Amino acid sequence: MTDDEQRLRQYTEERSESAFGELVTRYIDLVYSAALRVVNGDAHLAQDVTQTVFIDLARKARTLPRGVVLAGWLHRHTCYTAATAVRTERRRRTREQTAMEMRALDDNTESPCERIAPYLDEGLNELNSSDRHALVLRFLKQQDFHAVGAALGISEDSAQKRVSRALEKLRDVLSRRGVTLTATALGSVLATQAVTAASAGLAVAVTAASLTAATQTGTMLTLLKLGLLPNEWVDF
Numbered sequence: 224m225t226d227d228e229q230r231l232r233q234y235t236e237e238r239s240e241s242a243f244g245e246l247v248t249r250y251i252d253l254v255y256s257a258a259l260r261v262v263n264g265d266a267h268l269a270q271d272v273t274q275t276v277f278i279d280l281a282r283k284a285r286t287l288p289r290g291v292v293l294a295g296w297l298h299r300h301t302c303y304t305a306a307t308a309v310r311t312e313r314r315r316r317t318r319e320q321t322a323m324e325m326r327a328l329d330d331n332t333e334s335p336c337e338r339i340a341p342y343l344d345e346g347l348n349e350l351n352s353s354d355r356h357a358l359v360l361r362f363l364k365q366q367d368f369h370a371v372g373a374a375l376g377i378s379e380d381s382a383q384k385r386v387s388r389a390l391e392k393l394r395d396v397l398s399r400r401g402v403t404l405t406a407t408a409l410g411s412v413l414a415t416q417a418v419t420a421a422s423a424g425l426a427v428a429v430t431a432a433s434l435t436a437a438t439q440t441g442t443m444l445t446l447l448k449l450g451l452l453p454n455e456w457v458d459f
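Start counting the sequence shown at 224; every next residue gets the next number (this note's numbering).
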């Protein structure tokens, strides 16, 4: 039995705090150093990871397999714990940044849509057709991912991924024009403020005018073909 195993047994069977403290002292540099590398030098986060790893060791000591190489177990568990902490911290910062941006938009005398509006359509037209179609269907046509996927001939999951990627590309385009938002904040603005409802009678008026114009054009073309109108009378 190795000395590490003896210390672990003393801790698990006798609840020896000194035995566990010896293991912490023996391996804390290994754990902290590995954590510091994985979290890209964030000392505070590395300290939190180190604390978590040894808490886990204390909780799992009784279930560790016989003959465990403690250095190897600690290193692997540190890497896993640190990677999880990095993802959690990244999500937290993203949420905070999004919240700050949305508050800034709310505090701005211009509405979020007014800030984006001068650049939105130009930005959409800079995207490739598949990305542009995905965003137009999702946000300007206000379709769910199932409908977007059906229109584009892809699955619902693929539609969601395409919209997410396209939104990130649009965010980059807008940021070059001075409109800085996270993709999450941009998506929120587009989903809630990008579409303005036309007046109730406009559709009726547009339909009537369009059909009338189409009928008149058809009639004029027929007369022109029959030689009953001079060419200069036809302007379309």
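Don't take each hint at face value.
Beta-carbon label-pair distances, calculated as ranges [unchecked claim]:
#, residue 1, residue 2, range
1, Ser-239, Thr-403, 53 to 59 Å
2, Arg-313, Met-224, 26 to 32 Å
3, Glu-236, Arg-260, 33 to 39 Å
4, Arg-289, Leu-375, 53 to 59 Å
In case anyone wonders, no lab produced these hints; they're calculated from the structure.
This one's a predicted model, so the numbers in the text were calculated from it and none came from an experiment.
Ideal Cβ placement from N, Cα and C applies to all residues, glycine included.
To see whether the hints hold, each was checked on the structure:
no. : hint                             : verdict
1   : Ser-239 with Thr-403: 53 to 59 Å : 56 Å, holds
2   : Arg-313 with Met-224: 26 to 32 Å : 42 Å, violated
3   : Glu-236 with Arg-260: 33 to 39 Å : 35 Å, holds
4   : Arg-289 with Leu-375: 53 to 59 Å : 56 Å, holds
Going through the hint list in order, the structure does not satisfy hint 2, though it satisfies all others.
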